[in-house]
Amino acid sequence: MTVPGRACPKCGAGNPAAAEHCYLCQEPLGGAQAPDGVQALAGSVGTTPGAAPAAALRTAPMLLFTDAIRHNIRLSALLFGLLLALFLLLGAVIGEAYGDLGRGLGLAAVLYAILAGTAYFSGSSIVLSLHDAKEADPGRHRQLLNVVEEMRIAAGLPAPRVYVMPSDGMNAFAAGRNPREAGIAVTQGLLDRLDREELQGVVAHELAHIKGRDTLYYICAAVLVGAIALLADMFLRGTWFGYGRRARPSGVSREGGGRGNAAYVVLGIALALLAPLAAKILQMSISRQREYHADAAAAGFTRNPLGLASALEKIAAGGSRVPGENRGTQHLFIVNPLKEFRADASALMSTHPPTELRIRRLRAMAGFAEL
Amino acid sequence: MTYVPLAILAAIVVWFVAAYNKLVRLRNQVKNAWHQIDVQLKRRYDLIPNLVEVVKDYMSYEQETLTKVVEARAAAVAAKGPAAQAKAENVLTESLKSLFAVVENYPDLKANQNVATLQEELTGTENKISFARQFFNDSVMTYNNTIQAIPSNIIASLFNFTQESYFQAEEADRAVPKADLR
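Residue numbers (the numbering used here), protein chains in the order written: chain A, 927 to 1297; chain B, 534 to 715.
Bound conformation, chain A alone (with noise of 0.2 Å):
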């Protein structure tokens, strides 16, 4: 369902056929007269919403985007310190069970800098080519062009260059670990169905991702994961300081490499069992929270929630496929190329929000609930 729009006649926000009054300016659309300000909102939720004939949205309290991107920075930082404090807390709890707490965190410090660095440096071009993307065309590909102009100029970024994936399924990512060097791809079928407005708002969701530098969020929290994967692998398996040559339980005694403390070993293990589960579920926390800010950020970009939210629903009724979706790049998405949300997708390992959920806050945004 698109939302029919009407622009409001004092500052020409647009506003859905349905809405007693302009969200951004509170200016009463229609003729129908009303109180100003919050009486005007708080009025208006109360009357009956039958009085209007197409009515699949009602005025709410606005949630402002700049509040948005405030609590969705604010949590997306502190999901990632756990993540962090998780890996260290590993790395000391091993370190202690072989008796030097150093040693461990010492280990732990050059695992996670030799995967990052792999990481970091096998960059994004890989994506591109994964996804079949084409520059796009000056020509044949003016509006895309255009609305990414605008839209970096919104945001103050540099130009990003921008690819055309041949898919008829509709979604579009982003890649580039800094702003110099980023690019956006959208898909045919995305370009083919959604409105110009539409558009704005998810070109304006993928330059969030880039200013927000969530792929270098991503690499990082990826790698973290992966670091305290291996880490409670190698403590399970005893592989290092030559303690997998003794038996297990003799190991903690105070003799050879092993001078360390029973206690620090149960522990080690318990953590070591349930570390790599707990840091999969942070990532994928952090990974809903970027599109959450990506969302608010974008709402910021374009001053206009309403044309992500529809393109968002148009995504979700049209298929939001893509040939050469894999699981390493399902994150990068504007929505999850390999999976269907709906509300109950809310799963702790899924990489992004359900959509629904997503659309809701948008509209929150304009000052709009469903009814």
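Accuracy of the hints is not assured; some may be wrong.
[Claimed, not checked] For lysine-lysine, the following DSS-like pairs were computed, each having C-alpha atoms within a straight-line distance of at most 25 Å:
#, chain 1, residue 1, chain 2, residue 2
1, B, Lys589, B, Lys601
2, B, Lys620, B, Lys575
3, B, Lys630, B, Lys620
4, B, Lys643, B, Lys630
5, B, Lys564, A, Lys1137
6, A, Lys1137, B, Lys555
Read the hints as simulated data drawn from the structure, not as lab findings. Note that this is a predicted model, so its numbers are computed, not measured.
Based on the hints, put chain B in the right spot on chain A.
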């Protein structure tokens, strides 16, 4: 223990430099954002002659509308000073909107690929201008926030970082006309 005061001093210096550089960066961003608006306005001036060229053969009865666009463009290019320019720009925007309202009445013209392309270009340009203004205002807000907030306000007042003012639409322009470019 003698290192403690040294460490505190070093931390203060580092913070001082970082905060000062941030203020400089934000101030330059505000300035750059202001000039980006001009870049987009210039782009619009360059587009208009093409547009007029394409539509004028079809619109023999609408010479008045076309003349208005051409005149408004000339006035905007010639305008001196921010206030006069803002006024001329608004006249230009209005005239373009009425031109497109007229184009709607000519099915041949609407079907013309060149016109469709130019319409997209103009929509794009109008949007770029308003997004450039939006980014300018966003930059001003970030800059002003930093100047007023503790503790960076100390450095701002020491080195005379002063608040910038926002881009504002004239009172008369708030009545946005109904004509839609899309």
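These are the hints, each one checked on the structure:
1. Lys589(B) / Lys601(B): Measuring from Cα to Cα gives roughly 13 Å; hence the hint holds.
2. Lys620(B) / Lys575(B): 16 Å, holds
3. Lys630(B) / Lys620(B): 16 Å, holds
4. Lys643(B) / Lys630(B): 15 Å, holds
5. Lys564(B) / Lys1137(A): Given that 25 Å is the threshold and the Cα spacing comes to 20 Å, the pair holds.
6. Lys1137(A) / Lys555(B): 17 Å, holds
Every hint from the earlier list agrees with this structure, and none is contradicted.
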